[in-house]
Structures are given as C-alpha cells and as structure tokens.
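> Based on these hints, arrange chains P, Z, V, E and A on the given structure of chain U.
There are 6 protein chains.
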Amino acid sequence: MPVVIQNISRADPKVVGALAGYGVATIHEAQERTGLLLPYINPIFKGRRISGSAVTVSVAPADNWMIHVALEWCKEGDILVVAPTSPSDAGYFGELLATSAASRGVQGLVIDAGCRDVAELEAMGFPVWSKCISATGTVKETLGSVNVPIVCAGQIVQPGDVIVADDDGVVVVPRLSAAKVLDASSVREDKEAISRARYQAGELGLDFHNMRERLLREGLIYIDKPASE
Amino acid sequence: MPVVIQNISRADPKVVGALAGYGVATIHEAQERTGLLLPYINPIFKGRRISGSAVTVSVAPADNWMIHVALEWCKEGDILVVAPTSPSDAGYFGELLATSAASRGVQGLVIDAGCRDVAELEAMGFPVWSKCISATGTVKETLGSVNVPIVCAGQIVQPGDVIVADDDGVVVVPRLSAAKVLDASSVREDKEAISRARYQAGELGLDFHNMRERLLREGLIYIDKPASE
Amino acid sequence: MPVVIQNISRADPKVVGALAGYGVATIHEAQERTGLLLPYINPIFKGRRISGSAVTVSVAPADNWMIHVALEWCKEGDILVVAPTSPSDAGYFGELLATSAASRGVQGLVIDAGCRDVAELEAMGFPVWSKCISATGTVKETLGSVNVPIVCAGQIVQPGDVIVADDDGVVVVPRLSAAKVLDASSVREDKEAISRARYQAGELGLDFHNMRERLLREGLIYIDKPASE
Amino acid sequence: MPVVIQNISRADPKVVGALAGYGVATIHEAQERTGLLLPYINPIFKGRRISGSAVTVSVAPADNWMIHVALEWCKEGDILVVAPTSPSDAGYFGELLATSAASRGVQGLVIDAGCRDVAELEAMGFPVWSKCISATGTVKETLGSVNVPIVCAGQIVQPGDVIVADDDGVVVVPRLSAAKVLDASSVREDKEAISRARYQAGELGLDFHNMRERLLREGLIYIDKPASE
Amino acid sequence: MPVVIQNISRADPKVVGALAGYGVATIHEAQERTGLLLPYINPIFKGRRISGSAVTVSVAPADNWMIHVALEWCKEGDILVVAPTSPSDAGYFGELLATSAASRGVQGLVIDAGCRDVAELEAMGFPVWSKCISATGTVKETLGSVNVPIVCAGQIVQPGDVIVADDDGVVVVPRLSAAKVLDASSVREDKEAISRARYQAGELGLDFHNMRERLLREGLIYIDKPASE
Amino acid sequence: MPVVIQNISRADPKVVGALAGYGVATIHEAQERTGLLLPYINPIFKGRRISGSAVTVSVAPADNWMIHVALEWCKEGDILVVAPTSPSDAGYFGELLATSAASRGVQGLVIDAGCRDVAELEAMGFPVWSKCISATGTVKETLGSVNVPIVCAGQIVQPGDVIVADDDGVVVVPRLSAAKVLDASSVREDKEAISRARYQAGELGLDFHNMRERLLREGLIYIDKPASE
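Residue numbers (the working numbering), protein chains in the order written: chain U, 1090 to 1318; chain P, 1090 to 1318; chain Z, 1090 to 1318; chain V, 1090 to 1318; chain E, 1090 to 1318; chain A, 1090 to 1318.
Hints may contain errors.
Any copy, or any two copies together, can satisfy a pair, since identical chains are not distinguished.
Once the Cα atoms are required to be at most 30 Å apart in a straight line, the calculated BS3-like pairs of lysine-lysine come out as [as the list claims (entries may be wrong)]:
1) Lys1103 - Lys1229
2) Lys1135 - Lys1314
3) Lys1164 - Lys1103
4) Lys1314 - Lys1280
5) Lys1314 - Lys1229
6) Lys1164 - Lys1229
7) Lys1269 - Lys1103
8) Lys1103 - Lys1280
9) Lys1269 - Lys1280
10) Lys1103 - Lys1314
11) Lys1269 - Lys1164
12) Lys1103 - Lys1135
It should be emphasised that the hints constitute simulated quantities derived from the structure, not laboratory data.
Just chain U, same shape as in the assembly (with noise of 0.2 Å):
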C-alpha cells in the first residue's frame, strides 16, 4: 500500500527554527536522551546546524523515485528523512536533487543511506546527514510511502517531528513534544553557561558539583605515589 500523505502537522514554526540554538548533544539530554539516530549518520560537510519539520519519505532499496514525490509535499524549512525498506549503500540523492529540494525551501537532508556529488553540494551549503557516501546510482521502478512513520538510523520518525542535526549527529524530536524539549534546551544550556564561567575560572566540577562525599562513600581510594617508585 504505498501511500502519500499530503498535508502533515507541523509543529509551531518558532518552536522549531528557536530549537537550531540549541546542539543535538543538549537536545538529545533535555528529552531524557532520547530520539539520537545511530552514530554512523555523519555530515557530509562540518559546520551547519539545522532544524525543521521532517517529510518522511519511505523508498526501496537502491530506489530513489519517492524522493521525486515527496519534494512536492514539501513547505519552506523541511527536512527530508528517507530510509530504505531494506540496508543500501547506494547514492540516491545528488546536485540535481538537492538544486530541486533547495528551490522549494528544504533545509537538508538526513538519509539512512548514501549520497553523491559531496563536493557540488558543499559548494551550494545543502547539508546532508548520510551513512555513507557513494556514487553508485538508484533507479525509479519501485513505489514507496511519503509521510508515513519510518524507522531511520533506529529511531522511528514521525512526519512533522522536529529534526535537529549538527556535527554532534540528528535527533529527533517528535512534534508535541517540541516546545516543552525548547524549554528544557534553554534551562540546561543557562546551567551550563554557569558551569562553563567556573570551569574557565579553573574551578573543579569536583567542588561546584559536590562529589568529593559521594566518591569517598563509594569507596574512592586516593594514593600519594605508585608502589614501585
């Protein structure tokens, strides 16, 4: 039954671009760590983080004509999240692509997957999140899903959930949840910009975080010098 949904709910537009200010590492803690895809996704480029809306796109392997459909579901600040039916290396997405993605307003993309023409879309700055990087080519034989639930990179995405990828790795951020993840983003970041002035200022989190007790009750031993000298 390969289906595709037109109009999804978004989460709150604010909500989603406010979430860019915030890193997948800290995102990723202020939803109880949750919603991190597996480490083998990586940049294809360094430097860019991004956030918005996912249009899930569910394709076949070594078959990249849902990505085709799904471009025309896409609104301004999406991003596209597509996983194969079953594991492929294949390149599915490259310029040609990403010129077309990028005329309608997506941000990136994230792919459980490969993709092609990394130096072409550096130069554009269309970031791309991918398991590997491959010219091997893709066909359009087999139909897939657009905005439908898909498990990628061991995470199910939702379409409408809240994407956010940096060089740290994406999280995903299902879209309810979105402005109370915000809220809980900005209370750790201000905890930490406190750590962060002690830290600099040369004291130990030993002292402002109180373990010295706790390691001692645990068992901690200290020793001046090694045995043997």
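Chains P, Z, V, E and A in isolation, oriented as in the chain U frame:
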C-alpha cells in the same frame, strides 16, 4: 612469477585529461554503472578531482617494495593503483614516496590499504584515496608485480585503464572505452544542465520527467491527511 | 579497588615537548614499530600535533565520572588518555569538560570511546582523538581509576608515558625510553631529509637505496610489453 | 515516562501457532517483503523455528532490570523482544533469566544486544536470536518500559505483533495482519511446492516461468564460446 | 552488454575431483598464496569440502535472474560462483534454486552476497559459502552475464577455474594451473605427513626445522625467569 | 628486544583446574567484571570449556615463528595466548601446530588473529578461540617474544595468568587472584543455584529479589491496557 611490465598502452591523453571534467558519479552512470570502487575508499583530503592512466601495483601484505619499482615506469600524469594480495591496513605510502612520485609526474595514488603522513600529503597537494589512515610501516622483503591486472576495492584494474577520482570515490574506465565514456559523460552532463535549470526554476521532476501517470498506474495513493488528525 | 594515584612521574618536559617536532609515523618507526594505537582512533579535526604526559583514566562503560576526578591531578601540558572497561560508543567528553581541562593546562584527549560537541571543541582549539563522535550522554554512577595502567585502542598506556598524536593517529612512548626515542626520531628525520632531497631531484629509491641487484636476485622479471599487444 | 502495559491484545493463538509452519523467508515474501529484522540478528544455536506474540521491552544500555519486570506479563507461548535505547553489546540474558522465562511459558527471546550462557541455553533448548554473544554483565539501575512500541534491529515492533524466527533470521508480522499473512504464506508455499516438483524433475525455471522471451527482449546475447578459444 | 557464454573450457575432471582431497589452506599454499577469497565468505554449515569448475554469474544488486539463466549451462559437478555488480546482502538463493541446481548436478554455490532457507539447504546437503544469511528476497528485472570473468570476494574468477571450498573458506585455482597445483598440493601434503608424525612424537619444530641457530643469529634472547620474581 | 622467558610462575594447578568448573560469565562476574576479552573472539567449535595457565606469545603481523619457539616452554595444561603487534587476519595456527601443541600437553589456543584447518582441529578436539577463520598463511621471518605481557583482544595478559574459555568467550584471571576468584565463583554459583530453583518453581525475580518497591520508588507506572483499545 613476479613481473614488471615496463611499457603499457595508455588511452589518448586528451581523452584522459578531459574525463577530469566530469565527476565520478557522472562517469559511473555514463558507463552503465560499472567500474566503481567500493565506497570504503576515501580521499585523505577533500576538494580534488584527478584523471590519469593506471600504473597497477600488486604488493605483498605490509610490503611496499614494489611501489618503488613501479615509480620507474610511471609517466607524467599517471595514477598509481596499489592492491595487496591479502587485506592490509598498513601505511604503505607517505610523504617520501609522494615526493618521489610527484617528481616523476604521478598525479595521485589509489590504494586498497592505508597511507600515512596525511598532513604532509595535503600540504604537498598530493591526493590519495585509501582504505584507511595508518602510521603502521611496511617492509621491503617480498616481490610483487607491476602493470598486471589487479583487483582493487572490488574492481579489476588493468594497467592503462583510466582512473577518475574525486570526493565521491574512484571509478575505473577501461582504456579502450575511454573515448566512448567521455562522449557519454558529455551527453549526460548536457542533459543534466537542462534538468538543473528546470529544477532551479522550481519545476518538479515529477512534471518534466512525466512521472505522474506511471505513479498512478503503479498504484500510488494520495491521501490528504493522516486518519488520526 | 578504584584508586587515584595522585602523583606520577613524568618524562623530562624538554623531551616531551621536543617529541611534537616529529610525526606519529616517524616516532612509531623510531621505536621499532611499537606503541601505535589502532587506526580506528581519529582526530575530530585535522591539523594538530601534540605531545604530552599521559594521565590515564579507566572508566566504566558510559560513565564519565572519573574524568572529573582525573582533572585534579593533571598538570600543564598533560594529555588525558581514557579507556572504558568494556567497549562503549557513548559521548564521554564535550565542551564543558574541555573548558575545565583547558583551564588546567591539559593539551588534549585520547579516548577509546566517543566525544561530542565537536564543533565547539574545534572552535576552542581543543584536540580530541576518539573512536567516534556521539551525542549519547554518560552518567556519574560508577567509580574507576586514575593513573593506573590501561589498555587504550590495543596498547598498554602507563601513567606518565608520553603520548604523541597527529593526523596519522596516536603513539605511546614509554616514559623511560622517551629520550632515546627522541634521539632515534631525530636520526631518522635526518636520514629522511636526505632521501627527500634526492627524491625531489627525481632520483629513484631503486637507485640510491641500491635495490636493483636484490630485486633481480629475488627473481623479479622485467618484460617490455604485455604479450597481447 | 517508564511504563508497563500489563495487558495487550494478541493475535488468534491458532494463527500465531500456524505461522511457525512457514519459514521466515516465506513469511517475509508473503507480507510484501516487510518486517525483516536486520541480518546481524542470529540464532545462538541452529535448528529451531518459533512463532509467538511479542512482549516488547525497552531497556537502558547494559541494564536488564526491565526484563524481570516484563516476565510478569508474559503468557504461555509469548516471545520476548528486547531493544536497548542506545546500542549495547552487553550480555543481558543468560541461563537464570531463561529458566524464569521458560517456567512462565515464554518460548524464546529476540534481543538487539548480547546474551550469555549460550551452552546452557542450548542444553535447555531455550532459543535466542541476538546481536552477539557476550559474557559482559548488566545492572538493574534504570527503568525502561514494557509493551510499548520499540525499534529492534531496524524494525518497529508493537506489543502483540507476531514474531517468527528461524535459522534465516526474524520477521515481525503486525498483529492485525497475522491471519492474512498466514493465508498468503500458505498460497505461496503451495506455489513453491509445484515449482519444487518441477525443479526436482530437472525442468528449468527459464522454461516453466517463461523467462526466455523476456530475456531476449531485454537484450541478452548468447555466445557459443569465448572469443579466445 | 549482458552476455551468456554457453560453453566453457573446464579442467580435466580427474584433476578437478582430486583437488577435493586437499584442504583450502593446503591448496592456497601450493599455489603460492594466491586465489583465496576474503574470509567474510563462510559456509552456511560445516563439514563439507567440494571442488568443481566455476560457472560464473554476474548479477545486478538484489536480482537473481541470471542464476536461473546460468543453470542451463551448468554440467555435472560444476560450482556456481555469483557476484553482484555492487555490494548486496540480499538472499539471492534458497531451497528452490538449490533443488534446481542439484537436479542438474551442481555441487554447491559460492556467493558474494546472502542466501536463505539455510536449514533446508543443510537438510538437502547442498553446501553454500556466502557473505551472510538473509531472508531478503530478490527480483528478476535486470540482466547480467554468465561465464564472464567476475570479482568475487576480492578474487578474479574466470569461468572454468577450479573452486575448492571447505570450512576454512574458498580458493580459486586457475584452470590452466590446476594440474600443477594438484601436484604441488600432493608434495606439500607428503611433507606435512612427515612433520605431523614428528610433531605427534613430541619433537619440536624448532629442532627438526633447524630454527635454533637462525633464532640466535637474529638476536633472540633467552632468560630464565622474569626479573621481578 | 625479542626475548623468551623460559620459566614462569603458574597458579596452583588445583585452582587452575577448578576454575573450569565455572563458566566465563560467572568468573567475569566473580572478579568484578574485569578481564573479559572482546566478544569478537569466538570458539571455532562449540561445547568446550578449558582453564589453564597462559603462555603468552607476541608475534609480528602474519608471522607465526614465535609460536614454534613458545611450544618449548609450555607445560601440561597450559593455554597459548597469542597476539600480533599490529592487527592481522592471517591464519597463524593450523592442524600441524595443534599436533605439536597437543603432544606437549597444551590444552588450547586463544589468538587475536586467524586460525585454519578448523575441520581438522575439531576432529582432533583441539579448541581454539580466534578472531577469524582464515586460510592465509604466515611466514617465519621476524622475531617476537614469549612470556612477556601482551594485549590480547583488549585485555592485558601476563604470563602465568589463568585463562578460562568457553562458548561465551574468554576471561583472564590474574595469577595472584586465582584462588580468590575461584572462591568468589563458588559463592556466586551457590547463590545462583538458589535463584535457579526458585525461577524453576515459577517465582518471579521481582518477588524474591524484592524489586517491586524500588521500581515504584523510581517511578515505574503500571497501566492496564494501551489507551487505544
């Protein structure tokens, strides 16, 4: 029977040079998706594309003796293609060999094993596509062969075949088809230029490739919204 | 028996510092091809070379508590070397710990596990050599040890051993051989300078290393052209 | 929000049981090539095929506490399906837990992580499909959930879905399609019986599947002998 | 240019058969350590050794159409050797194809991809050496070639080459050297029989291979006890 | 400095032998989850458990010379533990060396590399735990050391340490703690026997380990049915 073939046939230098005008992905398509090395072969630094005639080197595991032997038979613009007879992650090639290779006009190296001195290689501008980066040294104990057919990262490479390598990987073009593949690449690129322009203008591939009818015929169903909303 | 050795012997700071004048590949050769960490340890950004005394940290899987403990015993110029007691891809170290480490003079981190906040670490100029990049967080629940011998990426690291790390990887120099290895590296580098000059002048290694006779003796056969042409 | 759903819907026990009459490969085909777990999941011993309703367990990395919790809600014939929230190779399950599971009628375990005591498990006849064999122990520190949807080896598993596992791997059949998939498997098997008989009689698939005409139409060329002979 | 070479030259059947009298390790040594497939190719069940002439099949990724085509040209005792043109873990071959192959006298399969129905294949006694076990199905959409040279798990296999496979892996013996390799294997085995008898009698290899003198010359030092005891 | 330590201290033979009464998983727990080799080390055949004193061998990559040297210093019941100085998948050990080892009373081999002749080794009943099965041969060119500390699959092994190996993997017990670990294993096993009996009787771990209160305290929520039903 370790052997060195001193003189090999190369493709027309104009054809060889012109192939660098096309990306690995384009050339791979232009020769009907053949000749692509496995994607575990990566450039040690980004941003270079080279094409040249293959001088092939079959080496013993962790032994780089035959690379020295091969350099004598390289000509201006050649590319060294090296494969060990059993898998190895040793660092067969570093800055000294690159200095020697560069002084003889060799453009770059493709190796189904490791290389080292990668910071120096980048500073010299000598590009390498390798399986890994490894400081592990090699010895000069066991003979191998130069300019015999080898298997490199899953592909047969004949001496004199044309190698094209860029950020997407490495493709082998059989010497006798080089001119034909160059033409096919050019045709492909022209077609892609038209697609690019239409994509940039916001047109969908669905429309200008007339995919809609076939999608419906194959049974794709469009639904306005998910049932639960 | 979790233990912290507070004071360790370090090699002569002049020797430690001078080792950074030589690449990992050179030092690995200079100490008879020992001490190289497995090549899955990679720099999170390129272009840095550091040398320093190892402060070793044995941590529980996905638990970074002991890194906090270790920082108290680091001195200016030290390098943290961290290994979990069973394999882990969690992100043990990020920008906050790096801030603390840097404020105490730590030069960098080598970790047989993951790190995160890599964009921030690069911006700070704090180099890390790690097994992976991973936003997955860790806990502070289980004790480990500081300045005990550890196995990191296949090598035994003793506290106070000298670590040299660059784009080629990481090598461990035993504390008591540091001066000897420095000398051997210098000798090796001098020899390589001569080779480099001769290579640049277009001379073949075959000639100035007198390999030709031995190649023939071993049975290498030179053939003018392949039979079929 | 760690949660235990105590009572789940299961498919008709007759249907569940009958699915074990068909191999994983057949069922995967019968449901249009969906639901197959990634092939890194392997049986710890060969020769068993089971089908049962999934009791799903989401566990923290290296923490098997929730498996204890889940056992209370298992019924005769169920199959435990366990996935950690981030990748782990620890040994979550051994002979003691298997004893408990068996005493409550659980047929087997599918786990996207490690198991241990494999000799004892084979002696007991308790089948496990796991990612690895690992003696590394786990803790009982962190809550998880029972009978929530999980991602196990790349597939979404809903509590109550039917699991079929044999030497070829593991397939998930959605609860509500179990009857339909059973019928389709039976149809497929009948067709295969006819093929098998004809193959045994020496007939070629080319002939009884009428492939010859299509092969020629697609351009396949038959040549008597290679040119060089 | 998909092509089927209908008639190929095979080695002398007596030689082909006799090679099964020697293990893969022995034959690999006897032909100077060439021709061994990469060790990721494993038998799906243990305890079989076969030798036969290779009928080679180049298939598209996840497409097993050409295996059907190839069966028509197999003769009694042949071994199918299958490699996809780009890497694939799909299950190309199961019990039905094995039934057909067996009915035509094919002895076994070597495939640089997956196979399925492994319990049935073992019950039938049809041996397969494959990259993985995978229930993922394939299609019959794209042409490939039969009896052309292929690269299978890192080795070039020419049609008519002799394949020997056992629990240690798979080795390719070039057709024209089969007789010579058989002789060399026999010589090697005879030598090994003598060694075996001497080892069984408790003699050390050090002694009857006269290694002691060379060990000392190379600088090996014998010490009675470690210093610390 | 290649060196052979001829005489090493071994643990009390009664203790060494008694450790084989406990599984690798139990012993690993009994020594506080230390000493376990990485899980890529697997038995070449199943169903054996051995314990013995380690004779350690540090070998050059793809060079098995020092195994011959080591055999001279093995005593009845010892276990060879071999690690190459850089990673290797070669087949260092086969049926001839096993014959020699067995004739000298060696019980088995643990090797962080490959072995071959696995069918013959199984027929002989000589157990090996290795990283891979590989017919690739080795040479006898480069010295190494016998009975020095080595790193094998991530663990430091000192000569004379006790090795226990079974289907779950391999664990190293430091020589001086062998008696203590034996006691702890026995205590642990006794406790497990009680658990086993209660599990067999159908009692839940939740109950006899009193987990229920802590689960509630940590916040676990029980829900009768999923909301949607």
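> Just pull the numbers of the violated hints for me, sorted ascending.
1, 2 and 4
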